[in-house]
Each structure stands twice: as structure tokens, then as C-alpha cells.
Amino acid sequence: MVMINNKVKIKTTNLNVYYGDKQALNDVNLEIHSKEVTALIGPSGCGKSTYIRCINRMNDVIDICRVTGSIEIDGNEINKKEIDVVSLREKIGMVFQKPNPFPKSIYDNVSYGPNIHGLAENKVKMDEIVETSLKKAALWNEVKDRLNEPGTSLSGGQQQRLCIARAISVNPEVILMDEPCSALDPIATAKIEELMDELKKSYTIVIVTHSMSQAVRVSQRTGFFHLGKLIEVDTTEKIFKNPNNKMTQDYITGRFG
Amino acid sequence: MNKDQLLKKRYRAEKRFKFYGLVSITLAILFVIFLVNVIFSKGRAAFQRTTIAVEVNFNTEELELSSNASIEEIQDADFYDLSINSLLKLYKTEGAKQEKELLRVFSPDHDIEIKNFLIKNLDNLNKNVIVNLTTSDDIDQLHKGNYPRHLPEERRRISDFQLLIYDQLVKENKVNKVFNTFFFTNGDSRNPEVAGIGGSLFGSFFTIIITLILSFPIAIFASIYLEEFAPKNRITDFIEININNLAAVPSIVFGLLGLGILLGTFDLPRSTPLVAGITLSLMTLPRIIIPCRASLKAVPPSIREGALAVGASKVQSVMHHVVPLSIPGTLSGTIIGLAQALGETAPLILIGMVAFVVDIPATPIDPSASLPVQVYLWSEQAERGFVEKTSATIMVLLSFLIVMNFIAVYLRQKFEKKWS
Ligand SMILES: Nc1ncnc2c1ncn2[C@@H]1O[C@H](COP(=O)(O)OP(=O)(O)OP(=O)(O)O)[C@@H](O)[C@H]1O
Ligand SMILES: [Mg+2]
Chain A
1 MVMINNKVKI
11 KTTNLNVYYG
21 DKQALNDVNL
31 EIHSKEVTAL
41 IGPSGCGKST
51 YIRCINRMND
61 VIDICRVTGS
71 IEIDGNEINK
81 KEIDVVSLRE
91 KIGMVFQKPN
101 PFPKSIYDNV
111 SYGPNIHGLA
121 ENKVKMDEIV
131 ETSLKKAALW
141 NEVKDRLNEP
151 GTSLSGGQQQ
161 RLCIARAISV
171 NPEVILMDEP
181 CSALDPIATA
191 KIEELMDELK
201 KSYTIVIVTH
211 SMSQAVRVSQ
221 RTGFFHLGKL
231 IEVDTTEKIF
241 KNPNNKMTQD
251 YITGRFG
Chain B
1 MNKDQLLKKR
11 YRAEKRFKFY
21 GLVSITLAIL
31 FVIFLVNVIF
41 SKGRAAFQRT
51 TIAVEVNFNT
61 EELELSSNAS
71 IEEIQDADFY
81 DLSINSLLKL
91 YKTEGAKQEK
101 ELLRVFSPDH
111 DIEIKNFLIK
121 NLDNLNKNVI
131 VNLTTSDDID
141 QLHKGNYPRH
151 LPEERRRISD
161 FQLLIYDQLV
171 KENKVNKVFN
181 TFFFTNGDSR
191 NPEVAGIGGS
201 LFGSFFTIII
211 TLILSFPIAI
221 FASIYLEEFA
231 PKNRITDFIE
241 ININNLAAVP
251 SIVFGLLGLG
261 ILLGTFDLPR
271 STPLVAGITL
281 SLMTLPRIII
291 PCRASLKAVP
301 PSIREGALAV
311 GASKVQSVMH
321 HVVPLSIPGT
331 LSGTIIGLAQ
341 ALGETAPLIL
351 IGMVAFVVDI
361 PATPIDPSAS
371 LPVQVYLWSE
381 QAERGFVEKT
391 SATIMVLLSF
401 LIVMNFIAVY
411 LRQKFEKKWS
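Protein chains in written order, with my numbering: chain A, 1 to 257; chain B, 1 to 420.
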């Protein structure tokens with residue numbers, strides 16, 4: 001039996017998101033608990049990415065996107081103008097669905113965040129941050145001899161792990177991962193899952209995944225989205241063993257989606 | 001039609017398409033070769049100058065100089081008599097008419113040439129030296145084989161007596177062709193044999209520098225702001241449309257603007273690179289902003305999001321990631337915009353850069369010519385010497401443009417190679 005923590009880290013109430021006239025999320029009420037992994041599942045286009053992009057206000061950069069409703073982090077409303085998105089995003093790291101390393105060296109990719117936030121006083125400290133971040137992302141052994149090569153020269157899966165290293169380099173409180181393992185082989189996937197297990201001791205993790213088995217393996221809580229609505233959210237055990245909703249049941253058993 | 005026929009049809013269509021492409025490229029190359037050939041065959045001769053070796057005795061007494069005269073003293077001295085005497089010794093003449101004809105074999109400023117020779121070679125004072133003096137344009141053309149000497153005398157500008165002199169001098173091996181440094185160092189002149197593009201080179205240089213200084217930073221910041229920071233609304237749409245329209249406005253309109261506002265309202269000095277530079281900046285601005293914005297737009301949004309997601313501010317994400325990635329496009333856009341400005345003629349004519357300027361400008365507020373306008377000015381002259389100088393100037397202008405375009409291509413490749 002997994003320990004379920006009850007402290008709520010992120011809470012969205014009546015969250016609605018529109019892209020222009022099109023509504024992508026419809027009254028989503030979801031609580032994400034501190035120091036555990038929450039998995040978001042659902043068919044393609046149901047709004048999972050849209051949801052996690054609300055949490056670090058990444059939807060701000062899309063001109064046509066409008067977000068209404070409340071998003072609270074540690075009880076503080078963040079869906080309002082006065083919030084400083086820079087310090088918010090420092091606390092809430094994100095790994096995107098498509099790997100997007102900077103066209104800079106591997107080292108610079110990881111050191112960029114710590115650098116702009118002044119997390120390392122000197123080069124030695126920075127080297128240390130880069131090394132531990134890459135190690136945590138299970139990439140260190142593959143790149144330790146070529147830290148000066150461009151990050152874009154890595155393979156797709158390596159690039160994704162580089163992006164994970166980049167996200168954890170600034171020690172965020174929450175890590176949002178949008179299908180982080182979709183381009184990874186089983187070994188790398190296992191390493192990332194191990195990493196999540198490790199990270200959840202101190203961080204809150206939200207992961208979007210299309211792999212039911214991965215959701216079962218890594219998450220303590222699972223939310224099922226369908227057509228912009230949150231259909232059901234509960235402990236992973238409950239969702240996968242005995243869901244309340246018929247649609248959830250159909251989806252996890254592969255009968256639709 | 002069965003599958004086989006379809007396949008054959010597709011292959012035929014591909015071959016046809018390739019053929020059209022090859023034909024158009026061949027035509028384009030033929031035109032370029034034709035153009036270059038015309039310009040080159042006409043302009044080549046301008047890089048050579050005909051000279052005649054003349055013995056000059058730099059006698060200090062005759063020049064009324066002290067035996068160890070300083071450069072300043074020599075500058076002030078009158079070399080005219082010395083020069084005339086040296087030239088008349090070349091060939092035996094009878095009467096004032098023949099003397100005059102002998103002198104006309106040379107370019108009118110022979111005394112200045114002799115003076116300049118002495119200034120460069122001070123130790124020749126009180127010595128007998130051979131100086132190579134520039135011939136007149138007609139003799140220059142005669143020596144280059146372009147003069148119709150078979151015409152009857154009354155239809156030539158070169159008299160029979162001058163032909164006699166010329167033939168004699170050629171026999172004595174005194175007529176030479178040398179590389180025409182005057183073409184690059186002299187300013188404009190009424191005498192084609194000594195006219196040069198020195199003045200217009202400097203004029204164009206100052207103009208382009210001013211254009212660069214004014215338009216580059218403004219264009220860069222305008223495009224970064226419009227592309228990355230400006231809200232997308234009606235006002236920015238309106239600005240965008242207008243920038244595109246401005247880029248299509250005929251350049252002569254900018255010339256009118258310069259004439260009316262810079263010369264009229266602000267009373268800036270006429271015919272100067274300063275005014276030309278400001279006018280051309282106005283014209284170049286939109287032409288730089290458009291490629292700059294395009295190269296900023298080409299940076300994938302995921303890079304911006306990646307930076308924002310680790311907590312970079314908007315400015316940081318733009319300055320650290322987007323702008324560096326857009327450098328190749330930005331630089332090549334700027335260089336091509338400047339190359340266009342360098343070749344621009346119409347607006348410069350309107351702001352008075354067509355004036356006949358002999359002096360080489362020392363500052364951007366001295367009256368000056370510019371390369372394309374020099375081409376325009378000389379192309380109106382009938383003398384063969386100006387005709388070849390027109391083509392030679394075009395060659396110089398074209399080589400500048402080619403070099404600039406090569407730099408643009410090089411920069412683009414260099415910066416792009418780095419990360420892909
Ligand atoms: N930038 C955008 N502009 C307009 N519509 C968008 C944009 N991004 C997403 N959408 C729309 O919002 C809806 C939800 O998209 P979202 O990317 O959140 O789906 P998803 O659940 O992450 O799907 P997937 O599993 O395929 O990644 C989709 O219908 C999509 O078309
Ligand atoms: Mg998605």
C-alpha cells in the first residue's frame with residue numbers, strides 16, 4: 001500500500017481554457033498533492049498539455065489563449081496579472097512534449113537556469129550542478145566527454161533527458177512533465193521513472209502519459225481527461241482497479257481512445 | 001491508363017521540369033556573361049594611362065628656390081615655366097601654333113604633375129631626371145588604338161603635326177602605358193585622362209557608414225520589439241503593413257523627402273554624404289526590418305518556451321536565445337540592404353550629389369560625389385576617356401556589391417553551420 005500524502009500543493013477550481021473561440025478545458029477541478037506523482041491520462045487532444053501549461057502560466061505566450069478560474073499553489077492564487085511569472089516558473093519546472101534543447105552546448109543547456117538565477121557562486125559549483133542534474137536525468141555517462149557539443153546533436157531521447165536535466169537544474173518545487181518518455185527506449189524510461197521515484201521525496205510531480213503501465217508504475221494519483229473535462233481523479237490504485245466512471249474503465253482497458 | 005504508363009508519364013514530367021530549369025539558368029548565366037563582357041571590354045582600358053617620358057632639369061635657380069628647399073617652399077613655387085621649357089625640348093617646333101600643339105599632347109596640368117613628382121622625390125633637386133607625364137585624352141586613346149587617325153585632318157582633334165610628334169616619340173620608346181593610379185586617387189576632373197573616382201569612393205564610403213550607423217540599430221530594435229514584445233493588435237498590424245509598403249516605395253520618393261525636409265527644413269549642407277546617408281537610411285530601414293523580422297520569426301517558439309520554463313524573463317529569453325539564433329539572417333539582410341543603398345542613384349541626384357566636385361571629401365559634411373552618381377555623370381560625357389571610365393566605375397561598384405553579397409552569404413553559412 002502506497003502512502004498517500006494529503007497536503008494539497010496545486011489546486012485548480014473551475015479552470016476553463018479557450019484557444020480563441022475553441023474551449024480546450026471545461027471546469028477542471030483538480031487537486032495535486034505535495035510530494036507525490038500525479039499522472040494525467042486521456043486520449044489525444046483532450047487537454048492534458050493545456051492543463052499542465054496552465055500551472056506554470058506557459059499559456060501566457062500563446063496570444064489567443066485565455067485562462068479563467070482559479071489556480072492555487074500552496075494556497076496562493078497564481079492566475080492573476082500581478083503574479084511574477086519569472087519566479088513562478090523558477091519554482092515550477094517543465095519538460096515539454098517535444099524535446100526543445102537550446103542550440104547551445106550540452107553544458108550551457110543545463111547551466112542556463114542556474115546561471116540566470118545565480119545559483120552557483122563559481123565555476124566549480126556550476127560544474128557540480130551540471131553533473132548532478134545530468135546524472136539524475138540518466139544522461140551523464142553518455143555525454144560526460146562531450147559537454148561542449150551542441151545539445152541539438154544528441155538523439156531525440158537524449159535530448160529529452162537533457163531537457164529533464166535542464167528542468168531539475170534549478171531545483172524546482174514542482175516538475176511538470178509532458179510525456180517525458182515518449183521518445184525514450186525502455187532502459188532510459190526505467191531510469192526516468194527511477195528518477196521520478198527519487199524526486200517525489202522532495203518534489204511534486206505531474207506527468208502526462210499515454211502509457212497506462214507507466215501511470216501505474218510511477219504515480220500515486222491519476223486523473224482521466226476526456227474532451228476537455230476531468231472525468232475522474234483518484235488514487236492510481238482505485239482508477240486502475242475499480243474506476244467509478246464507465247468511460248475511465250473503457251479507456252484504461254483500451255476499449256476507446 | 002495502367003500503372004506502367006502513369007509511371008512513365010511521371011518520369012517525363014520530371015524530365016520536362018528539369019529541362020525548363022536548366023534553360024532558365026543557362027539564359028541567366030548568358031545574360032550575366034554578356035553584361036560583364038560589355039562592361040569589362042569597355043572599362044578595362046581605364047585602368048591604364050599613357051605617359052610620355054620627359055627630361056626635366058630641376059634647376060633651383062630657374063625655380064627660384066634655395067638649394068635645400070623644404071616641401072612647403074616647393075608647394076608654393078611656380079613650375080609652369082620649367083614645365084613648358086622641358087616639354088618644348090621634346091620636339092623641334094616652329095611658331096606659336098606648333099608650340100601650342102606640342103603642349104596639347106599633354107594633359108593640361110603637367111606643371112602640377114612635375115611638382116608632385118619632385119615632392120615625392122626631394123633628392124632630385126638640381127638634377128636632370130626623366131619624368132613620365134600624362135598625355136591628353138586624345139593621345140591616350142590614340143595610343144590605346146581607339147583613335148581614328150585615318151580620318152582627314154579637319155575631322156580629327158589631333159593635328160597632323162601632333163601625329164608626327166607622337167610617331168617620333170613612339171619610335172624613341174618614350175610613350176608608355178602604366179597602371180592608372182589616378183583613377184583611384186584623383187577626384188573628378190574636366191579632363192578625362194586625370195579624372196578619378198577617389199572622391200566618389202570616399203563619398204560612397206561615408207554615405208554607407210552613416211546609413212549603417214543610423215539604420216542598423218534602429219532596424220534591429222524595431223524588429224525585435226515588433227516581433228517579440230509588441231502586442232498583436234490593430235496598431236501593430238497597421239505598422240507592419242506600412243513597413244512593408246515603405247519597402248516598396250520608389251527610392252526617388254525618399255530623395256524628395258531628403259530634399260524637402262533635410263535640405264529644406266533643417267538646412268543641412270547640400271551634396272554631402274551626411275544628407276545622402278540620412279536619406280538612404282530612411283530608404284534602407286524597412287528593407288532591413290523585413291528580413292530581420294523574418295529571421296526572428298524563424299526561431300522556433302519551443303526555444304522561447306524552453307527558456308521561459310526555466311524562469312528566464314521575456315527579455316532574457318529573447319536576448320539569450322532568439323537574437324543569437326537570428327544573427328545570420330539579420331546580418332545578411334543588413335548587408336544586402338546596404339548593398340542596395342550603395343547602388344542607389346535617384347535619391348542622391350535629388351539631394352544634389354550630382355554636383356561637379358573635384359576635391360576629395362575629408363568629412364561627411366564636405367560636398368562629394370558617390371560611385372553610382374559618378375557613373376551617371378560620366379555616362380553623359382562624349383569623350384572616349386569618360387566612356388571607359390564609366391564602365392570602369394561600374395566594375396568597381398559591382399565588385400563592391402559582389403564582395404558585400406559574398407560576406408552576407410559567408411556570415412549566414414558560418415553562423416548556421418555552428419549548430420546544425
Ligand atoms: N496553440 C494552440 N492553438 C489552438 N488550439 C490549441 C493549441 N494548443 C492546443 N490546442 C487545442 O486544444 C486541445 C487540447 O490540446 P492539448 O495539446 O492540450 O491536448 P493533449 O491532451 O496534450 O493531446 P496529446 O496527448 O496529443 O498531446 C486540442 O483540441 C488542440 O487542438
Ligand atoms: Mg499533449
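One or more hints might be untrue.
Unchecked claim - In silico EDC-like cross-links for lysine to aspartate or glutamate, where the CA-CA straight-line distance does not exceed 16 Å:
(1) LYS135/A to GLU193/A
(2) LYS91/A to GLU121/A
(3) LYS115/B to GLU55/B
(4) LYS81/A to ASP63/A
(5) LYS11/A to ASP250/A
(6) LYS229/A to ASP27/A
(7) LYS238/A to ASP250/A
(8) LYS314/B to ASP74/A
(9) LYS80/A to ASP60/A
(10) LYS314/B to ASP63/A
(11) LYS314/B to ASP84/A
(12) LYS232/B to ASP63/A
(13) LYS115/B to GLU153/B
(14) LYS144/A to ASP127/A
(15) LYS297/B to ASP84/A
(16) LYS297/B to GLU240/B
(17) LYS115/B to GLU62/B
(18) LYS232/B to ASP234/A
(19) LYS314/B to GLU228/B
(20) LYS98/A to GLU228/B
(21) LYS35/A to ASP74/A
(22) LYS104/A to GLU55/B
(23) LYS35/A to ASP250/A
(24) LYS115/B to GLU72/B
Claimed, not checked - To list a few chain B residues with every Cβ distance to chain A over 12 Å, as calculated:
(25) LEU7
(26) LYS42
(27) GLN168
(28) PRO301
(29) ILE303
(30) LEU325
By construction, these hints were calculated from the structure, which means they are not laboratory data.
Computed from a prediction, not measured in an experiment: that's the story for all the values here.
The beta-carbon is built from N, C-alpha and C at its ideal position, and this holds for glycine as well.
Tested hints:
Between LYS135/A and GLU193/A the alpha-carbon distance is near 14 Å, which keeps this suggested pair within the 16 Å criterion. For the given pair, LYS91/A sits about 20 Å from GLU121/A by alpha-carbon distance, which is inconsistent with the 16 Å threshold. This hinted pair checks out: LYS115/B and GLU55/B have alpha carbons roughly 14 Å apart, not beyond 16 Å. Of the supplied pair hints, the one linking LYS81/A and ASP63/A holds, its CA atoms being roughly 15 Å apart against a limit of 16 Å.
Simply put, LYS11/A and ASP250/A have alpha-carbon atoms about 27 Å apart, too far for the 16 Å limit, and the pair is violated. This hinted pair checks out: LYS229/A and ASP27/A have alpha carbons roughly 7 Å apart, not beyond 16 Å. Annotation: proposed proximity of LYS238/A to ASP250/A holds, straight-line Cα distance about 15 Å (limit 16 Å). Taken as a hint, the LYS314/B and ASP74/A pair is broken in the structure, with Cα atoms around 25 Å apart against an allowance of 16 Å.
About 11 Å separates the Cα atoms of LYS80/A and ASP60/A, which keeps this hinted pair within 16 Å; it holds. Of the supplied pair hints, the one linking LYS314/B and ASP63/A holds, its CA atoms being roughly 14 Å apart against a limit of 16 Å. About 12 Å separates the Cα atoms of LYS314/B and ASP84/A, which keeps this hinted pair within 16 Å; it holds. At most 16 Å may separate the alpha-carbon atoms for a hinted pair to count; LYS232/B and ASP63/A meet this at roughly 8 Å.
For a cut-off of 16 Å, the pair hint linking LYS115/B to GLU153/B is broken: about 34 Å separates their Cα positions. For the proposed pair LYS144/A and ASP127/A, the alpha carbon gap of about 11 Å is at most 16 Å, so the pair holds. With a C-alpha separation of about 26 Å, the suggested pairing of LYS297/B with ASP84/A is violated against the 16 Å cut-off. Note on LYS297/B and GLU240/B: the hinted pairing holds, with a Cα-Cα distance of about 14 Å set against a maximum of 16 Å.
Taking the CA atoms of LYS115/B and GLU62/B, the gap is near 14 Å; set against the 16 Å cutoff, the hint holds. Note on LYS232/B and ASP234/A: the hinted pairing is violated, with a Cα-Cα distance of about 41 Å set against a maximum of 16 Å. Annotation: proposed proximity of LYS314/B to GLU228/B holds, straight-line Cα distance about 9 Å (limit 16 Å). Restraint check for LYS98/A and GLU228/B: the C-alpha separation of about 22 Å exceeds 16 Å, so the hint is violated.
As the CA atoms of LYS35/A and ASP74/A are separated by approximately 12 Å, the hinted pair is consistent with the 16 Å bound. The suggested pairing of LYS104/A with GLU55/B is violated, with an alpha-carbon distance near 70 Å, which exceeds 16 Å. Among the hinted pairs, LYS35/A with ASP250/A is inconsistent with the structure: their alpha-carbon atoms are about 29 Å apart, more than 16 Å. As the CA atoms of LYS115/B and GLU72/B are separated by approximately 12 Å, the hinted pair is consistent with the 16 Å bound.
With a minimum CB-CB distance of about 35 Å to chain A, LEU7/B clears the 12 Å threshold, and the non-interface call stands. With 12 Å as the threshold on Cβ separation, the claim that LYS42/B sits away from chain A holds: the shortest Cβ distance comes to roughly 49 Å. No beta-carbon of chain A comes within 12 Å of the beta-carbon of GLN168/B; the shortest separation is about 74 Å. Distance check on PRO301/B: its Cβ comes as close as 7 Å (rounded) to a Cβ of chain A, failing to clear the 12 Å threshold; non-interface status is violated.
Residue placement check: ILE303/B does not keep its beta carbon more than 12 Å from all beta carbons of chain A (closest about 6 Å). For LEU325/B, the condition that its CB be more than 12 Å from all CB atoms of chain A is violated, with the nearest at approximately 6 Å.
Figure legend: structure checked against the earlier numbered hints; hints not met, in rising order: 2, 5, 8, 13, 15, 18, 20, 22, 23, 28, 29 and 30.
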